Amino acid sequence: MSSDEHDRRFDDWAITRRDALRGALAGGVLVTAGGVLAACGSEDVDVPTRDFGATSLKNVRSGGSLRVGVAGGGADDSIDAHIPATVPDISRVFQLYEPLAGRDINSDFELVLAESIEPEKGAEAWTIRLKPGITFHNGKPVTADDVLFSLRRIVDPKDPKTGAASISYMDLKRSRKLDNRTVRIQLKFANVGFPDDLGQYFNSIVPTDYDPAKPVGTGPFMFDSFVPAERSVFKKNPDYWREDMPRADEVVIIDFPDDTPRVNALLSGQVDAITNLPPGQIAQVKSNDQFKVLISETGGWQPFTMRVDQAPFKDARVRQAMRLLVDREQMIQQVLSGQGRVANDLYSPYDPAYNSDLPQRKQDLDEAKSLLRRAGQSDLRVELVTSPVFQGIVEAAQVLAEQAKGAGVSINVRKVDTGTFYGDNYLSWTFAQDFWATRSYLSQVAQGSLPDSPYNETHWADPEFLDLIAQARAELDEDKHIELLKAAQKIEWERGGLIIWSFSNQIDAYNTTVAGFEPAKSGFPLTNYGFGRVGFVD
Amino acid sequence: MTRLILRRLALGVLTLFLISLVVFAAVLALPGDAATAILGREATPERVAALRDQLNLNDSVVTQYLDWIGGVITGSFGESAATQQPVSELLSDRVANTGFLVLVAALVAIPLSIGIGVWTAMRRDRPVDHAVSTSALVLAALPEFVIGIVLILLFATSVFTWFPAVSLLAPDQRAWTEPSVVVLPAATLVLAVTPYISRIMRGSMIEVLESEYVTMARLKGLPERTVIWRHAVPNAIVPAIQVTALQLAWMAGGVVVVEFVFSYPGIGSLFIDAVDNRDMPVVQTITMLAAAIYVVLNLLADLATIAVTPRLRTEAR
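So the sequences go chain by chain: A and B. Heads up: the first sequence begins at 170 in my numbering, then just goes up one per residue. Heads up: the second sequence begins at 18 in my numbering, then just goes up one per residue.
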């Protein structure tokens with residue numbers, strides 16, 4: 170990234186930085202964002218970061234209708250709080266609803282509707298206390314009953330929602346309301362990762378009389394209209410509990426399944442911001458001063474998944490060899506147009522427990538060949554099933570096949586349509602791909618690395634690993650907890666079934682008529698769909 | 018004449034029935050079903066089972082088809098698997114938008130291409146004729162999405178910003194209340210069909226202009242205007258009518274691509290989406306609609322041909 174680009178990106182920070190510095194110092198919060206900036210090849214600049222709250226931008230006024238073009242969407246769009254599947258669905262969830270907790274733009278844990286989430290008895294039971302005075306869009310206060318109703322609705326065995334698997338270890342029969350603002354949740358096993366699991370975007374709190382046809386939540390915007398595959402319109406929530414938010418009177422979220430119309434709508438001024446600018450079009454958008462490209466380094470990753478319980482990947486040496494085939498730098502250049510950071514077959518880079526002591530794995534064709542020879546797989550031939558389910562996935566498969574030739578490994582890339590990919594063989598392909606957003610380590614493990622995880626494509630069930638995770642889940646001492654998680658990562662690094670080659674950047678763009686967007690590590694587009702925090706420039 | 022129309026209509030209904038069987042089988046042959054398609058990445062076994070139950074996907078194939086065709090006969094096109102809305106409700110706005118787009122394109126393209134055809138025929142082999150012919154061939158060779166993107170670059174984003182690049186309409190808004198969104202998509206369709214119709218028109222016009230009765234008319238001393246429009250064009254137009262019908266029918270399907278480029282809220286994007294979602298009732302209804310348009314347009318073209326051809330007109334009686 171050139172320094173010119175850096176300057177331009179931070180031009181609108183000139184005002185922000187000063188004002189926000191003052192605010193941040195008053196609040197005693199000042200985080201160095203050197204990590205973000207260093208990658209831009211620039212000098213370190215202290216950039217203040219706050220919670221989800223809006224930046225105090227002097228030249229930004231209240232009011233106006235913010236039109237946002239989001240990638241994807243179709244007739245199966247949903248506005249239900251608990252079954253978001255696509256980018257438009259998730260963008261709507263972030264406007265209407267809120268969970269008990271969450272991750273802010275620095276991927277730091279923050280309480281949202283909860284005032285506290287406290288463990289007892291070695292993390293087997295948790296007391297959740299709600300913030301006082303928060304009301305739903307219909308004026309009803311958020312109570313303990315709403316929390317229990319929402320959690321039950323999510324894990325309903327007859328109609329499990331998106332988040333069911335993430336919190337299925339709650340023992341709701343033994344959980345109860347303590348008072349109007351407090352609930353005590355009993356777990357089936359100890360888990361210090363519980364607050365993070367509650368804080369997933371698909372686990373929002375809705376009122377006991379929730380009706381998805383007239384959706385009500387606590388978010389910065391209130392429901393106005395929704396037409397699947399087209400657009401949704403939300404009005405400002407005047408009683409929103411975070412200060413100075415939202416700024417716009419209205420937000421209009423418009424579906425754009427295809428990249429070209431989405432970019433054109435931005436360029437012709439028909440929308441004020443778009444998610445997921447294709448990397449190939451960064452230069453074009455940047456060439457016009459009217460627009461800004463928002464590049465966020467994230468913990469998002471698109472792994473290759475090898476089934477550890479099936480030949481040829483049953484042999485850990487073959488898995489190791491496959492990981493040594495990848496020229497990660499080259500793959501990032503060719504697949505992501507350079508918009509990513511080299512990864513080390515581990516996920517959750519922003520977790521305090523992320524194991525950065527392990528050496529960075531690099532392409533080593535000789536070592537790969539030797540491992541394959543010892544495993545009796547010198548002329549390995551495998552089929553890699555790929556599908557355009559996420560930007561760059563198919564291209565990554567093709568680049569891997571090309572790189573593997575160097576070690577005499579023949580990868581036959583079988584491209585199928587998404588219907589086939591998610592059809593009967595989904596989650597049981599021998600060698601395939603997936604995509605993930607930023608998560609804390611334990612939440613990610615629960616999603617994809619345990620025998621009862623909903624998306625354990627590699628069929629990973631290493632006893633030593635499982636034991637470490639069980640111990641870590643019950644360990645409330647932070648140092649010991651981190652130590653256990655680092656040991657678990659070492660096992661995944663040594664013999665896991667994932668090839669994790671990059672943490673990719675989230676690339677969005679917006680018109681300079683709006684301000685307030687800033688890079689977010691959590692990997693959701695446009696500052697975690699932070700439409701409440703942005704406003705129009707005077 | 019009435020018998021002819023009735024016979025053709027009966028054949029049309031049979032065609033539609035056969036198409037519905039083929040499309041039904043084709044959608045079933047696609048891997049995955051509505052439940053896995055709608056859930057996508059979230060298609061865990063538990064959630065797929067719950068959704069299959071909700072959508073009655075566990076019924077036998079025959080039951081599913083009979084349910085659908087039974088509904089059609091009683092005037093109901095069923096409910097979309099993806100949105101749970103009645104298909105008729107889902108389609109009505111979209112059909113109106115697409116209909117308006119095709120209508121505008123047709124109203125411009127037909128007179129324009131007939132005019133160009135006549136005009137170039139009268140200037141046969143002059144430089145202007147060659148220029149028009151060459152451009153027509155180039156346009157005919159270009160895929161519609163390329164024409165669409167070039168128009169966007171020229172008139173919406175890069176050179177001029179006269180028209181919207183993307184045809185955004187509020188859900189309750191119809192295309193005719195916001196005509197600017199129709200300009201570029203309609204222009205794309207016009208540029209896509211005009212070459213075909215104008216070249217056919219030019220060819221048949223040249224033939225007619227060389228015929229004896231045109232020479233006769235000229236020798237009689239009729240003004241050139243009368244010779245062309247009263248004597249030549251009505252005789253030259255028959256092949257153009259057939260081609261126009263085919264082009265209009267093509268538009269009913271080819272509009273999918275144009276709607277995609279401009280994100281125009283018509284049946285095209287709905288159709289692509291429905292196939293992605295394996296949304297059988299919606300796919301069936303849209304194909305039926307497109308097929309019906311083909312059948313009706315071909316019938317109309319034949320009737321128009323009969324109307325302008327005295328020999329056929331008397332035979333048909």
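Hints are computed from structural coordinates only; laboratory data are not their basis. It is possible that part of the hints are untrue.
Just a few of them, taken from the derived set where beta-carbon distance is under 10 Å, the chain B residues facing chain A [said to hold, decoys possible]:
id : residue
1  : Ile55
2  : Leu56
3  : Ile90
4  : Ser93
5  : Ser97
6  : Ala98
7  : Pro160
8  : Ile164
9  : Ala173
10 : Trp267
Note that the structure is a prediction, hence the values are computed from the model and not measured. Every residue gets a Cβ at the ideal spot worked out from N, C-alpha and C, and that includes glycine.
Hints not upheld, ascending by number: Violated hints: 3, 4, 7, 8, 10; rest satisfied.
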